[in-house]
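Chemist: Here the working numbering is used: the first residue of the sequence shown is 292, the next is one more, and so on.
Hints may be right or wrong, so weigh each one.
Said to hold, decoys possible - Once the Cα atoms are required to be at most 30 Å apart in a straight line, the calculated DSS-like pairs of lysine-lysine come out as:
1. K671 x K1013
2. K1164 x K1269
3. K1583 x K1275
4. K1512 x K1056
5. K629 x K1882
6. K1276 x K427
7. K1581 x K1699
8. K1156 x K1583
9. K1884 x K1699
10. K1237 x K1156
11. K1370 x K1512
12. K1340 x K1370
13. K1893 x K1436
14. K1436 x K1693
15. K2004 x K975
16. K1164 x K1693
17. K1436 x K1882
18. K2002 x K975
19. K1218 x K1276
20. K1893 x K1876
21. K915 x K672
22. K883 x K342
23. K1185 x K2002
24. K1852 x K1269
25. K1437 x K1340
26. K1640 x K1237
27. K1581 x K1275
28. K1512 x K1437
29. K1056 x K1156
30. K1341 x K1373
31. K975 x K1370
32. K432 x K465
33. K1156 x K1275
34. K1876 x K1269
Note that these hints are calculated values from the structure, not bench results.
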Amino acid sequence: MQLLEKLGDGDPFFVRCIKANSNLAANNFDQNVVADQLRYNGIAEIAKIRKMGFAVRKYYTDFISRYRCLFPSPPLERQADVAQSVLRLVPSSFHRDFRCGTSRIFMTIELNDWFERILRCRQRRAAATVTRCMRKVAEIKKEQKRIEAQRKRREELERMRQEEEERRKEKNEKDNVKTEDKPNGLGISTGGLSASRGGFGASRGGLGASRGGLGASRGGKGSRQGLSTSVTGNDSDPPSYSSEDDSSLTSSPFDSGGQFAGLGDTLPHDGRFRTSIESTRSPSPVVHIDDEHTERKEVDKHYEKEKKKTEFWDVCQIIARERKIRDVDEDRGLQVIKVVTYILLFCILLWCAVAQKLSLVVLVSPVIDRTKDNSVSEVKKFSKEAAAKHILLTIAILIPYCLTFLSSAFKWMFDNLPFPSLSTIVLCLLVEIMHSIGLCSLAFIILPELDMVRGILLLGGVAVVPSILFPVCASDVKSSGKNAKDDKQDQEALKNKKDDKRDQAANQSTIFRLAVFALNIITLIVQFAYISAVLVLDHFVDDSRIDNETNTIVFFILSMLFVSCAYWENFVDDRFCWTENSKGRCKQSILKAKFELQEARPIISTCTSFIKIGTTLLLSWIIKAYYEENIDDDDNHKRIEKVTFSEAFGELSENDLKRSGAIITLILSAFVGHYVGYTACKLKLQRFSFCIPLILSTPLAVAIAAVECSRGGVLSPFTSEKGQCREDIETLNVVLHYICGTVVWISLYWLCRHIFYPEIERLAKTERLFMNPFYCGILFEQHLLLNRRRHTRIVSMNIKDKKVPYSLSKFNSKVNIEGDVEDDVASQAENKEKNEDIHASNYKNPKFRDTPMIYACATMWHETKYEMLQLMKSIFRMDRDQFVRRHAEQVFNKEDEDFYDFEAHILFDDAMAIDDNNEFVPNEYVKLLATIMEEAASCVHEQSMKIKAPYKVPTPYGGQVIYIMPGGNFLFIHLKDKHKIRHKKRWSQVMYMYYLLGFRIVRMCDETVTAALNAGKISDLIQWEPGSAPGPSIGRSHIFQAFDDQVLKKAQNTFLLALDGDVDFSPGAVRLLLDRMRKSDKVGAACGRIHPIGKGPVVWFQKFEYAIAHWLQKATEHVLGCVLCSPGCFSMFRGSALMDDNVMKKYTILPTEAAHHLMYDQGEDRWLCTLLLQQGYRVDYAAGSDAFTYAPEGFDEFFKQRRRWMPSTVFNIIDLLADYKNTVYVNSNISMLYILYQGALLLSTIVGPATVLMMIAGANMVVFKVTVIWGYVIALAPAIFYFILCFYVKEKTQLRVAEILTALYAFVMMIVLVGTIVTAAQESPFHPSVIFLGFLVIAFTFSALLHPKEWSCIVFGALYFLLIPTGFLLLNIYSLTNLNNVSWGTREVPKKKTQAEIEEEKRQTEEKEKKKKERGFFGRLFPTFSTKEFKDILSKFTESQNAKKEDVSFHETNKLLKELNEHLKEIVNQNNKPKPAPTETVFLDDDTTDHDEPGKTERQELAQVKLKGILKQPHHSQHAKKHEHISDSKRNIDDDSEETIYDRVRKTRNELVNPAWAECKELGNGKVMILASEELNFWESFITKYLKPLKPKKEEIENTAKSLIDLRNNIALGMAMINLLWIAVNFMFQFERPTTISLKISGSSDNPDSPDYLEENQENTDGSASTNNAIEVDLLGLLFIIFYLAILLLQFIGMIIHRWGTFQHLVSVTKLKNPLSQVILLISILYLNHTLH
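Make a model of the complete structure from these sequences and hints.
Modeler: Structure follows, in structure tokens:
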């Protein structure tokens, strides 16, 4: 169907062959011959027409026949009709896209596509109308047939009733006549009649058959009637009796012969033979029956029989209720926070904009009062102040340049950027130098010559160059090239069916565009005229020379022009001189510059900002040295060039805070305002919190400045400096000044009206919001307006077209699902949805939307019911959310930016169990999952839900159970048989990765890739695009170049949501992960905040452990670089990232070394993230994405889980650090700082046990006052004991000892706490150990306050403190000493034993009992004594004593028996050798299989019976086999005598057609479907290559076990040595005290009158140790505490930064309900109804 759709959408293209010459000679090109052919074939003319843009040409007849239905009557007949009709039909934007020729109409591709789209819509609507009418007609005919059939049936029944009535009357008349003739036979006839009635009532046969004479015949008649009654008794109509006569029987329309009377006694009552009886009846009228209705009725009847009968009074039901928890975007607290954020950002930006303007005009105001005659001393003083303000103003200008230089240089250093051309660099340098000249002139020369009010108004006229470029070179803001109002008018014009309204709308659209263009021209005029108005209307102060001399006037004009040059890029698009068809060199040069700025802006910004810093410093010095502040040229003392820099800085140092208020406010307000404005745009709060504050800032600043000049005192609380004011201005001039300022202010906002139509994604980067990365310290408001991007269209480079190498996209770009910037092109294809507005010129087909495809992939094993319910409810929530979004788009005809497609997959490991018939059926966990489906759906939807029985699909790995969820999405449950496919979590992940990414996506272009692989030409497909190079950042694999665009986009839009079988999450949490994936193309995975749930102290411990791990560690990893582990219980992975090199393929490799078993299988999610990091991808952490999972509640399960996690974590970190050079080179998100941080964490993990032991030893010394030696001995003894014990005892014993030591160490930690308190009380609260513990408490408490929803976790911190030795000491020892144990450890259940295993176990038990008896009492008493050898010695001794009594014949017999015994022993030894034992195979199925086959099932393994016994022959004869089978059959018959022969015969099963598991009643009676051949081939080849069940040989198992033990021993002993050495070093430093330092702590005890001082002196006189307020601290221990504090401080800072980003993310996704939405919706509905009627 997809191919047919593509063929239908496409247009045919024809290839015409041209002769190169007339002689048919090779390599001979005759130009004249070719030109003649091109000319008379019309190809040259076609090329000319196509060059003009009209690529489509149609004959009028073809055009009319195809598009006649689109045009109104009268029908099209002439060329003029076509031209006028097309003009009336198409939008005004297409009026120039067609030409009418003599016989054809010529159109552009866009107009032709528009026609096709409208035609398809019209055809679809027509088809829907026809279908609806046909269905109505069919329903009417069906109803008529039903009514006619009922009428005929009633008529037939009435006729039959009348005939029966007449027959009964005739019979009664005959009986009456016979009674009158023979009155003496009354008793006989009555008896006969009674017999007949008795026959009807009793045995349905005629009793008259047992009587003679007339009674027999009547009885026979009665029996016939009785048979008829019995037959009709099986019908739905009950038998009816006549009330007039007791002898009247059931009136039946049928009559039958008496020969069926005897058969009536043997008919069963279930109706199985009803058809055969009715077929023998007399013909009856044919009644019409609707087959479909009958079939539906039978199905409903069968369903009613199957389900449990419910009485009408039993209507109460049980529906599980979910906890009423609002999703992330609907949280009330976040909604309140968002409202507060709206208001807060509004107020801050408004304050910053107003304060920046006022501080600027105050700072630039001249210090010297020119109206007064100042003395020389006053002039010198004022000159110093002026020079100081000059320096401060220079600093304010330079700060943004410095920030730009630093950030751009950093990006240039760490990003792979192409170097721009020299022409672009020169152009940008020239523009930025001009801007620096204009800005310095404005700040140092022009603004000081204006008072405060007019200076603020002047800032609105700095958009001269943008006002010129906008109408000439810029297109409109909207992506379609038209504004919103124009689009709406065109849509209304196209929807309207009347010609006059369509013409009127088109005229309105043209008038509107002309009005917009006129306003743009007026804006240009206003910007230019304002410069003249400033010079003419006396804006400057009285003694200013700017408006009095020609050179200063020119300088002023150039300054206003230069200062607006920096914003040229935002107002230059693909138009040049009002046309988009220009292909001149100038346009291409500008597009080239824009393209290189787009691709290498950091490089250009680094160069330009550096030059601007130098230019600003140079201009500042020049202006200071040569610009005169007054008109008196002779007074040199009034010029600031006489003031040296030392004097100026000295003046600055003397300024107090109030005198420096202007410069501080200017710098801070500009910086903070820029960040607040960026945040408002980033959070999509632009209209209220960005536009309105900027609009209000200028009027408010002007009002404050006017009040300050008129009354004064407004700014005095903030600064002691005064702004320049004018009081000698006439009222008329004041009014004209305000009018001019207002007009130019309005023109500025009209020019920047794009700020009111933000079209940007959530949490967009700075480059997507603003052209230049930083702000302007002087023109703050104007820079935000002019620098805010008008659109996000991108410039692309076309290598093939050398004439037009650069072009601007026609539509707004967007960050696609992989993070790349691409065009948001409006699709020209047909929209499948009926209610979408396909008439719009910016129409988009949802089929070609970049809709994310989310596959929820959960792995299950042995989960409980509540855990399964938790997962299923989460999946049903996703299904409901997707359904609501899909239907909301259809109802409201509005594209949802958060829409996604959804499909769920559950992979059930070890899902098959063996039943009593040795067949593989779903185990109890699968059955439990099937039974809770409806309960979970009912809980989510809050009503009783019935889910349709699933489809069952047998597969080579087991089977698929496919449910259709209530929202219409699919749920696949993959039942894995571990005998057919590898089990465990990693292989389940490999399974769904290759199935969903490899099979479903790549098969869309499998022909191209397969053909290239077979031909060995895959390298021809795998190549980089022209003009690009791979560079140091690997990015995507070369193999992606082999995919077509459709497959590549599919891979980019696919996301795998990895889940555990017990996770609970919400759709909002998934959207937060999706936002993280969309934010950057380098994000390969994202994880959320995992909350452990459960009961008991073990869970409480994990709650706090998870909290600090996420609050501090994951947040810091996210800020510094990448998260190392994205847990498989709730994470999202990018499809294209997994398909990249060295990721998904490498994830399938088998472990070859002992360490690989720990990395690959014990921590598969961490290893997968390591592969992504080493390939250059980023792993993010979204703290707002919450998920809940059950944590181990028991001590043993917790230890076993961490026994898997800890070695995997350490080995993956070591693997990452070992290859850090390549990782840093490949991954731009990982730096050396991040590597050092991870190395420090690894070091702290390694010495963690020693740190805990030293902490315990220190507490022992403080509390118990023991020596250093005994303190360490007491601390080390339990740990060393447990370490040695774990090497020799079983795991169960290790866990019991760990429980005892946990209780002991909890008591010890209380001692540590007491020791810390004692240290703080006796020595000093500033002791390093006290400071360290206090900092921990403060950091954790503050972290909890920053996470208000998780603050309760801090309560469990006390338990965590007591269990620190358990987590950092005992758990490490247990994990290290059990490295050789690679089992899963959790959720393990006893395996169900087969019959053969039970028998084998029984046999072994019997052998043990037998050996035990043979040992006897002496053997049980002395188990180590060899009783057998003792018996042999006794037997030999007795034989030697009795040898003389034996004769010769007895000796010979004994000798022969000994030889025979020796031979038997040799046979036994040979049979006991490790060679395969001979087996006899008994096939349970007819199909024979090879038992060496990799996919051999357990059922076939059980069919192999080993031969036992020493003397048994290795091969049976056919006779023995025959008797064996006979005996087995006989035994089976004897065991179950009631079993029939049919039931005993085993059905031949085909596992891919009718497997036993499909008959499981818990899975419902859904249809069993056969797997498609394509998918079947995939699974077979995939399993064979990657997932074939592992059956290692005995030697391999032994070698692996030995290597794991060796690895365990080496690592455990190595860790022990490192920790012991570290303890020894600290012990020696504490024992010998070579580096003890004294820290002087001042306190109240320094006072001689203090009691503490007297007490200390008294203690000193008694000979005790003197503290002297000094703390003696070991230097090594202090450095170690500082090391830990540095790590904690870094994590604390990282948490704060990450928390701010999380806050922004949550606020951006939070939805606020519009209180007027319901009213607006009601008004819209009423308006639509009024319009339709």
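Chemist: Look at each hint and say if it fits the structure.
Modeler: Comparing the hints with the structure gives:
{"no.": "1", "hint": "K671 x K1013", "result": "holds, 19 Å"}
{"no.": "2", "hint": "K1164 x K1269", "result": "holds, 28 Å"}
{"no.": "3", "hint": "K1583 x K1275", "result": "holds, 24 Å"}
{"no.": "4", "hint": "K1512 x K1056", "result": "holds, 29 Å"}
{"no.": "5", "hint": "K629 x K1882", "result": "violated, 59 Å"}
{"no.": "6", "hint": "K1276 x K427", "result": "violated, 55 Å"}
{"no.": "7", "hint": "K1581 x K1699", "result": "holds, 23 Å"}
{"no.": "8", "hint": "K1156 x K1583", "result": "holds, 27 Å"}
{"no.": "9", "hint": "K1884 x K1699", "result": "holds, 28 Å"}
{"no.": "10", "hint": "K1237 x K1156", "result": "holds, 19 Å"}
{"no.": "11", "hint": "K1370 x K1512", "result": "holds, 27 Å"}
{"no.": "12", "hint": "K1340 x K1370", "result": "holds, 17 Å"}
{"no.": "13", "hint": "K1893 x K1436", "result": "holds, 28 Å"}
{"no.": "14", "hint": "K1436 x K1693", "result": "violated, 46 Å"}
{"no.": "15", "hint": "K2004 x K975", "result": "holds, 15 Å"}
{"no.": "16", "hint": "K1164 x K1693", "result": "violated, 45 Å"}
{"no.": "17", "hint": "K1436 x K1882", "result": "holds, 22 Å"}
{"no.": "18", "hint": "K2002 x K975", "result": "holds, 11 Å"}
{"no.": "19", "hint": "K1218 x K1276", "result": "holds, 20 Å"}
{"no.": "20", "hint": "K1893 x K1876", "result": "holds, 28 Å"}
{"no.": "21", "hint": "K915 x K672", "result": "holds, 16 Å"}
{"no.": "22", "hint": "K883 x K342", "result": "holds, 24 Å"}
{"no.": "23", "hint": "K1185 x K2002", "result": "holds, 16 Å"}
{"no.": "24", "hint": "K1852 x K1269", "result": "holds, 22 Å"}
{"no.": "25", "hint": "K1437 x K1340", "result": "holds, 24 Å"}
{"no.": "26", "hint": "K1640 x K1237", "result": "violated, 36 Å"}
{"no.": "27", "hint": "K1581 x K1275", "result": "holds, 25 Å"}
{"no.": "28", "hint": "K1512 x K1437", "result": "holds, 20 Å"}
{"no.": "29", "hint": "K1056 x K1156", "result": "violated, 45 Å"}
{"no.": "30", "hint": "K1341 x K1373", "result": "holds, 17 Å"}
{"no.": "31", "hint": "K975 x K1370", "result": "holds, 15 Å"}
{"no.": "32", "hint": "K432 x K465", "result": "violated, 49 Å"}
{"no.": "33", "hint": "K1156 x K1275", "result": "holds, 20 Å"}
{"no.": "34", "hint": "K1876 x K1269", "result": "holds, 16 Å"}
In summary, the numbered hints that this structure violates are 5, 6, 14, 16, 26, 29, 32.
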